[in-house]
Each structure stands twice: as structure tokens, then as C-alpha cells.
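Using the hints provided, position chain S relative to the given structure of chain P.
Chains as they are written, first to last, in the numbering used here: chain P, 54 to 165; chain S, 3 to 115.
Wrong hints could be hidden among the right ones.
[Stated by the list, open to error] Taking lysine to any residue and the SDA-like style, the derived pairs with C-alpha atoms no more than 25 Å apart in a straight line are:
(1) S/K114 - S/V80
(2) P/K77 - P/A120
(3) P/K131 - P/E97
(4) S/K110 - P/T91
(5) S/K110 - P/F118
(6) S/K107 - P/E67
(7) P/K131 - S/N102
(8) S/K56 - S/D33
(9) P/K131 - P/A120
(10) S/K7 - P/E97
[To be verified] The following label-pair restraints were derived from C-beta to C-beta distances:
(11) S/S30 - P/K121: 32 to 38 Å
(12) S/E44 - P/K131: 22 to 28 Å
(13) P/N149 - S/P115: 36 to 42 Å
(14) S/K114 - P/T129: 39 to 45 Å
(15) P/T129 - S/K70: 36 to 42 Å
(16) S/H74 - P/T129: 16 to 22 Å
(17) S/N69 - P/S126: 37 to 43 Å
These are computed hints drawn from the structure, not numbers from a lab. Note that beta-carbon positions come from the ideal geometry of N, C-alpha and C, so glycine has one too.
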Amino acid sequence: DAGVIQSPRHEVTEMGQEVTLRCKPISGHNSLFWYRQTMMRGLELLIYFNNNVPIDDSGMPEDRFSAKMPNASFSTLKIQPSEPRDSAVYFCASSNRGLEQYFGPGTRLTVT
Amino acid sequence: DQQVKQNSPSLSVQEGRISILNCDYTNSMFDYFLWYKKYPAEGPTFLISISSIKDKNEDGRFTVFLNKSAKHLSLHIVPSQPGDSAVYFCAASVGGSQGNLIFGKGTKLSVKP
Chain P
54 DAGVIQSPRH
64 EVTEMGQEVT
74 LRCKPISGHN
84 SLFWYRQTMM
94 RGLELLIYFN
104 NNVPIDDSGM
114 PEDRFSAKMP
124 NASFSTLKIQ
134 PSEPRDSAVY
144 FCASSNRGLE
154 QYFGPGTRLT
164 VT
Chain S
3 DQQVKQNSPS
13 LSVQEGRISI
23 LNCDYTNSMF
33 DYFLWYKKYP
43 AEGPTFLISI
53 SSIKDKNEDG
63 RFTVFLNKSA
73 KHLSLHIVPS
83 QPGDSAVYFC
93 AASVGGSQGN
103 LIFGKGTKLS
113 VKP
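Bound-form chain P, shown alone (with noise of 0.2 Å):
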């Protein structure tokens, strides 16, 4: 199996630029998380899901951020209009009704 896998690895944007992040979890998992790694806050859950239903959202910061997962296989995170606070690593997990989650190796955002 290929494992998470995220994309774009890196994003660069101007503040005030749309940004979706992609991720494809690993197949047969039922659960999907989104995470936000920073210096400051360490890795805070955003969003997960569970059989593509949003199950918690409580960590998505402010009505900027929006989650959707159309089917088992993909996920999107967007960011709009972005700030330069949004920069982080932001991470893809997935997992298999149990409570080991596989990551993906993230996505480095940047907005200038």
C-alpha cells in the first residue's frame, strides 16, 4: 500500500489566496484526520471524519477553514481567504477502527 498521501508537499501564497489541501487515505481505512503542526502549538486536530461524515470539527479555527470528503478516497482541506498565521505543516491520517492513525508526510504551508 502507498500510505497517506498528501498533496502539494509544499504551498507558497500570498495572504489573502485560496488554498486546498489534497489528501487520499489509505484504502479500506474508515477515519480521516486533518492535523496543524506549529512551534507554538505542537499538533492540534482540525477536523476527522469517520465513513466520510465529519465527525468533530471543534479544532478548525475560524469559518476560513472548511473540510469535505465527497468519498472514502479523498479529502479536502481549504483555507479562504489565507493569512499568514495559517502557516504550518498540516498532516493527513488515517486509520482502520482502531486508534492507530497513519500519517502522511504533510503538506508545508507558507503564505507571505
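For chain S alone, coordinates are given in the frame of chain P:
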């Protein structure tokens, strides 16, 4: 309010010696704990876990100890190898909840040859 704390941001150990990484938690409802390892430019990878009904779990060179009364867990690596150099994250969960893993901020381990 940090529910999972890794108070040592970094640790340096000589190759062949023991590495001990510590983690404290505040929520007594946590009943499952995990350790993840992260190399630069990669995502965290699952290393070892322990349920609150146990006080020790061992997997090769890696052993996790849980002290529920102290709300403390530790990861022991024996013997340490240069390839173990990475950031180690402690994580905890409540009630077997699949969704909500609470992570510590990580400890950077450097194993010197």
C-alpha cells in the same frame, strides 16, 4: 490547557545507552496511550501503545511504562541507536474514542555515535 505534556523538548543520549522519554497527562479519563516517532519532512509513524489496564508494554527495543496514579508514562529505548534520532510524540485517548488523539508537543531525541 495542555492535557498531554512532554516537558523535555530535547534529549541527547550516547549510542548503546538507554533513552527515556517522559510524558505526563492531566485527564484521568484517558485510557489509551500511544507513542509516535517523526523524522524530518515525514509524517509521524506509530511506534507503540498501551492500554490503561496494563502498566507495561514491550516491543523489541521499545518499552512503554504507565503509572496511572502519577498520570505519567515513559518510553524506554534500549539500546539506543543513531537511527532512533527523531522527534517522539506522546498521545492519549479517552474511552477508546477513535477520533480524538491528544498529542504532546514532542521530544527531540539525538543519539550520538
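Hint-by-hint comparison with the structure:
Proximity of S/K114 to S/V80 is assessed by CA-CA distance (about 14 Å); at most 25 Å being required, the pair is judged to hold. In summary, the hint linking P/K77 to P/A120 is supported, as the alpha carbons are separated by about 13 Å, within the 25 Å threshold. Distance hint between P/K131 and P/E97 is fulfilled; the C-alpha atoms sit about 16 Å from each other, no more than 25 Å. For the hint pairing S/K110 with P/T91, the CA-to-CA distance comes to about 15 Å; that is within 25 Å, so the pair holds.
Taking the CA atoms of S/K110 and P/F118, the gap is about 30 Å. The hint is violated against a cut of 25 Å. Proximity of S/K107 to P/E67 is assessed by CA-CA distance (about 28 Å); at most 25 Å being required, the pair is judged violated. For the hint linking P/K131 to S/N102, the alpha-carbon distance of about 21 Å falls within 25 Å, and the restraint holds. Between S/K56 and S/D33 the CA atoms are separated by roughly 10 Å; this keeps the pair inside 25 Å, and the hint holds.
For the suggested pair P/K131 and P/A120, the alpha carbons sit about 6 Å apart, so the restraint of at most 25 Å is met. A hinted pair counts as satisfied when its Cα atoms are at most 25 Å apart, and S/K7 with P/E97 qualifies at roughly 13 Å. At about 36 Å, the beta-carbon gap between S/S30 and P/K121 stays in the expected band of 32 to 38 Å. At about 24 Å, the beta-carbon gap between S/E44 and P/K131 stays in the expected band of 22 to 28 Å.
Distance hint check: the CB atoms of P/N149 and S/P115 are about 38 Å apart, consistent with the given range 36 to 42 Å. Between S/K114 and P/T129 the CB atoms are about 42 Å apart, so this pair conforms to the stated range of 39 to 45 Å. Between P/T129 and S/K70 the beta carbon distance is about 40 Å. The supplied range of 36 to 42 Å therefore holds. For the pair S/H74 and P/T129, the supplied restraint of 16 to 22 Å is violated, since their beta-carbon distance comes to about 39 Å.
For S/N69 and P/S126, the Cβ-Cβ distance of about 41 Å falls inside the hinted range of 37 to 43 Å, so the restraint holds.
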